[in-house]
Amino acid sequence: MTLMAMLALIISSTLVYSAPLIFTSIGGTFSERAGVVNVGLEGIMGMGAFAAVVFNLTFAGTLGAATPWLGLLAGAVVGLLFSLLHAVATVTLRADHVISGTVINLMAPALGVFLIKVLYGKGQTAPIAQDFGYASVPGLSKIPFLGQLFFEKTSGPAWLAILVAVISWYIIFKTKFGLRLRSVGENPQAADTLGLSVARLRYSGVMISGLLGGVGGAVVAQSISLNYSASTIVGQGFMAMAAMIFGRWNPIGALFASLFFGLSQSLAVVGAQLPGLNTIPSIWLQIAPYILTIIVLVFFFGKTRAPKADGVNYIKAA
Amino acid sequence: MTTQKNSLSVALFSVLFGLIIGAIIMLVFGYNPIAGYMALLGSAFGSMQDIGGVLTQMTPLILTALGFTVAQTAGFFNIGLSGQALAGWVGAVWYSLSFPDMPVYLMIPSALIIGAGLGALAGAIPGWLRAQFGASEVIVTIMMNYILLFLGNNILQNTMSKGIKESAETTKQVGANASLQMKWLTDLTQGSSISAGIFISLIMIVVVWFIMTKTTLGFEIRAVGLNPDAAKYAGMSAKRNAVVAMAISGGLAGLAGTIEGLGNYLNFFTQNGSPAIGFDGMAVALLGGGSYLGILGAAAILSILKIGGLGMPMSSGVPFELVDIVTASIIFFVGASYLIKLMQARIKAMDEKAAQTTKAKKLATVGSTNDSNQKDGE
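Top to bottom, those sequences are chains A and B.
Take any residue in the first sequence, count from 1 to its spot, add 41: that is its number in the working numbering.
Take any residue in the second sequence, count from 1 to its spot, add 29: that is its number in the working numbering.
Think of the hints as simulated: they come from the structure by calculation, not from any bench.
Please note that a few of the clues may not be correct.
[As the list claims (entries may be wrong)] From the structure, some residues in chain A lie toward chain B, with a derived Cβ separation under 10 Å: (1) L50; (2) I51; (3) V80; (4) V129; (5) V159; (6) G276; (7) I293; (8) F297; (9) Q314; (10) S323.
Quantities reported herein were computed from a predicted structural model and do not represent experimental measurements.
Yeah, the Cβ is synthetic: ideal placement off N, Cα and C, and Gly gets one too.
The shape of chain A in the complex, shown without the other chains (with noise of 0.2 Å):
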């Protein structure tokens, strides 16, 4: 294998497995700005995961090759509407953040797992017809040398997560929106004071967060499980979270940690085809991603700073 194919072969693949990261951590910073710690991402990514995947199943015949990106909607808007549990949960009914984000994780397998043997007769579904593969973008693809790099045979979910990366950033910290969210995060009382409505506001990131979460599920689900089981999501919200944290509850810093855990995830996968990493035993490149998050909340988590009212519950006097 020619070095160049091996750069490609190792971007394409890190491409493919950030981009569920990228939004689900974007959507996580969304909320933790508004103070909602949301460890439900995990379930969250699940529901958009089942969501997109009978979307695809039921639309690929008449939709063609338009359907995943549609299969990226309805996971939004499934796991927007799931988020709303964790919203109605910690916002009105003030339970306890992670409790509330656990029982997300413990309902989404269970529920999807349920509704696809309630529709397909069968604890897993069929392989979709319509997957995002590999695509190239045009134009940008014809530069030399980091044309075929980066832009051919690439992951459009990618690079549409940047795009949201670029836009999240400008909307938490340019808008007056992001301002007031960003305030409800640091200070709920002094935002209350100054007339924001907390509650809608901590909605509303929770529900940003749900729409995220959702996309990078969908992402999952037709760009590399291709199907839906229970064990589609298996720990990427959580890595997303992770990610969240490392990049400091910025979405720049979220894309660029997306990015490098995104490498190590591919690095398990595709290492047996690298000359060097192929000698290594498939154990430890498997646990890699795992064993580098933590090493990274390790070294990262004392230096950062979560919003100052990140998880606790603002009730106003009566």
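Could you slot chain B onto chain A? The hints should help.
Same frame as chain A, now just chain B:
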């Protein structure tokens, strides 16, 4: 996170609401909820074997729930119970298969200690990482679940010698010197896989209750959980107590896994995911509301759901996953206990208002408004 103490009524209402949600889902998807729940009860209590099954299910859940509670008391949310249990399970089975000729009075205590010890180690690591570096134990324990899952499967598939394996995916059964099953219990429950583990679990409820409420160690763990700064000021080491609490928590989960290995399954086999006993144990602890007796009751309720759920697809066509949805809903209502407390406060307020109006009519004077009711929700 502070320890959440629930009243019994919150737990009972949560179970009721969870079952109602389950019934609504069954109705929506065209199943008969009465038939569904009858099938559930039938397969949980239909025979002595079913009851044995419920007790077998309760055994590890009590231990993992105790583990969760100890960690929660120290201010930790231990989601890593599954991985810690798996560590104990693999370790204890591997150990007992490696020494088939060890006499039973040496084998069983040493296997239990090894299993619990491995779980304790797996629990102490995230405890130390948070105490020392501030790394969130929620994420670290979840990552460790995956690491331990892959390592456990890898040890089975690539490290264990061929001599102790039945196939590439399963170990041989542990010998009579390591089995926790007891003939009279097996006979009484018509061949269910109940074992002496249930007695170990019941004893551990008392032991953990004693340690946590009657000893200096327990007092320190509680103090650190309630207010680390105050505990430090009083001369207690927050770091040491954090690690000890997480080690006890992981040790209990490891013991649960050991009993799964030496009492329930009698072997270890390739796992597709982290053992459910970890997450279910967490649900038991949350439903039990931090009370040791509550854990026993909650373990019974969730085990009845689990074992009963196994019979639902056969006789009523309802997919097994329904009981997991019900369990998650129950925990939702436990978590959102504010809802239930608010309802109770509203009802109480209405009662008192009614009482006041009658009183007011009698005295023909205006009763003072009752402010205290609004604060009851807290």
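Verification of the hints:
no. : hint : in the structure
1   : L50  : violated, 24 Å
2   : I51  : violated, 22 Å
3   : V80  : holds, 6 Å
4   : V129 : holds, 8 Å
5   : V159 : holds, 5 Å
6   : G276 : holds, 5 Å
7   : I293 : violated, 21 Å
8   : F297 : violated, 18 Å
9   : Q314 : violated, 20 Å
10  : S323 : holds, 9 Å
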